[in-house]
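Protein chains: 2
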Amino acid sequence: MTTRHVFFVSDGTGITAETLGNTLLTQFEGMDFTKSSLPFISTTDKARVTADYINHVASTGGPRPLVFSTTVSDGVRAVLRNCNALFIDLFDTYIHGLEAELGVAPTHAQGRAHSANTRRYDARIEAINYALEHDDGQSVRELGKAELILIAPSRCGKTPTSLYLAMQHGIFATNFPLLDEDLEKPALPKTLLGHESKLFGVTSEPERLSQVRNERRPGSRYASIAQCSYELRQAETLYRKQQIPFVNSANMSIEEMAATVLHEKGLKR
Amino acid sequence: MTTRHVFFVSDGTGITAETLGNTLLTQFEGMDFTKSSLPFISTTDKARVTADYINHVASTGGPRPLVFSTTVSDGVRAVLRNCNALFIDLFDTYIHGLEAELGVAPTHAQGRAHSANTRRYDARIEAINYALEHDDGQSVRELGKAELILIAPSRCGKTPTSLYLAMQHGIFATNFPLLDEDLEKPALPKTLLGHESKLFGVTSEPERLSQVRNERRPGSRYASIAQCSYELRQAETLYRKQQIPFVNSANMSIEEMAATVLHEKGLKR
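Sequences listed follow chains A and B, in order. Start counting the first sequence at 18; every next residue gets the next number (the working numbering). Start counting the second sequence at 18; every next residue gets the next number (the working numbering).
Relax, there's no trap hidden among the hints.
What follows is a list of derived Cβ distance ranges for each label pair: (1) T19/B <-> R250/A: 47 to 57 Å; (2) R137/A <-> R233/B: 14 to 24 Å; (3) E159/B <-> F50/A: 24 to 34 Å; (4) D91/B <-> R98/A: 26 to 36 Å; (5) Q260/B <-> A243/A: 47 to 57 Å; (6) S237/B <-> T77/A: 51 to 61 Å.
Taking lysine-lysine pairs in the BS3-like style, the calculated list, with each CA pair at most 25 Å apart, reads: (7) K162/B <-> K215/B; (8) K52/B <-> K282/A; (9) K63/A <-> K282/B; (10) K162/A <-> K285/A; (11) K52/A <-> K215/B; (12) K282/B <-> K207/B; (13) K282/B <-> K52/A; (14) K258/B <-> K215/B; (15) K258/A <-> K282/A; (16) K282/A <-> K162/A; (17) K258/A <-> K202/A; (18) K285/B <-> K52/A; (19) K207/A <-> K258/A; (20) K285/A <-> K63/B; (21) K202/B <-> K215/B; (22) K215/B <-> K282/B; (23) K63/B <-> K52/B; (24) K207/B <-> K162/B; (25) K258/B <-> K202/B; (26) K282/A <-> K63/B; (27) K258/B <-> K207/B; (28) K162/B <-> K282/B; (29) K63/A <-> K52/A; (30) K282/A <-> K207/A; (31) K52/B <-> K285/A; (32) K63/A <-> K285/B; (33) K162/B <-> K285/B.
Covered stretches of chain B, as calculated for chain A (at least 3 residues, CB under 8 Å): (34) 32-39; (35) 262-275.
Please keep in mind that the hints were generated in silico from the structure rather than gathered at the bench. The structure presented is a predicted model; accordingly, all values stated were derived computationally and were not measured. Don't be surprised by glycine CBs; every beta carbon is placed ideally from N, CA and C.
Let the sequences and hints guide you as you build the complete structure.
Given below as structure tokens:
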């Protein structure tokens, strides 16, 4: 199949252009796309180099490239728009409607979408450090500070979800493993008593959990379907008994897990 | 100032709707927005509840709400579109142009943008675990596996950048502190010899570094401007001497740091 080249062009990190473009492209199946991010295109000189590059790719044959652009400079966009490509321009599409609605002129300031903000940066770093220090029940020193405590048997996806919530949303998220001794009864680890309102349970499918555990400990009892199945069953019994909300992570991305937890716990992003 | 309500409505996580909307809104300064994410709106029943909510907010006075939607279901959008709000519809705006260009009908499959993909999930988890195990030079067991090794004096932002690269891009990123004994000479820590091509340096501004260190160790020599200034100067001398590319993190977000490192090292996202 001939590949179609897709360029994400931005005057900043490229995150918005990639998110926009990738979201739209997930609607088209069975296509072969070759994707390139071209961040920090903030001057007409850089735009000219970029346009030459896109035109060069277009000239090598195959279908016309797609360009998803979030650049805000009129000069930069004037150069890019003349490429031999389908030019999809976030700024131009929406900014005039928003300007009319808000009654304020856009600043045309570049690279603003994911730029530095000391207060936000510090909050995220604090949350990341908290998540790292309290990961997997390593520390219970400041459990009271947690906004959210994920609980689950080992390898259900607690760590990436807590880290994601800390990193993206500055949420003080931590996680705590349910060990054999907790699952046998089943009962909450004593350390968590008094923190019930912050708990959120994670479960999975035995086959998926077994696969993940086998990566770490191939052929172990820990990774066996029987053991995974037992632990998940006991965990779910515990969640129900204690009325702890829970989610099955087996077919979810990190982003979906995070969005689900935020949504169900009513945590502000 | 009257606040204007902004809703990010999605049939999935809401990430694309938020990214799109927030990017556009950064262009308008001096406005007061109250933002709400409404994820997982995937049925017309949920759309009706959502529309009622938006209409209720609109009816309480103040300017008309803004709705950024990435929902793909025609039924869901038909309900939302009738709200008393400015409706900004990513799907409708671009999908027809893309369909014409690609010659393929969109699937209308919901929640695809940030949905599960086992291969991608596993790659991210592996990279996150790697970043956690090798954070701050904790382990050098598998340094050979690293695609990137960030080096810097303490608290310049190595850890969040490595974690972000692992989380978002599945990159095997690790980081290694430059200690007094390295900075005095200045010379690379012995462990890093042979890994020069993977190194990327981070620097900062003395005032900013001092502020960050003071959070951890208020009033310490470690946090003093003099010490921060000395360490950053020595680190920069080391980077230049060893021809290690480097970036100043003082005025950058985590996303900008990550995008800069990827870009400069030519690492594939």
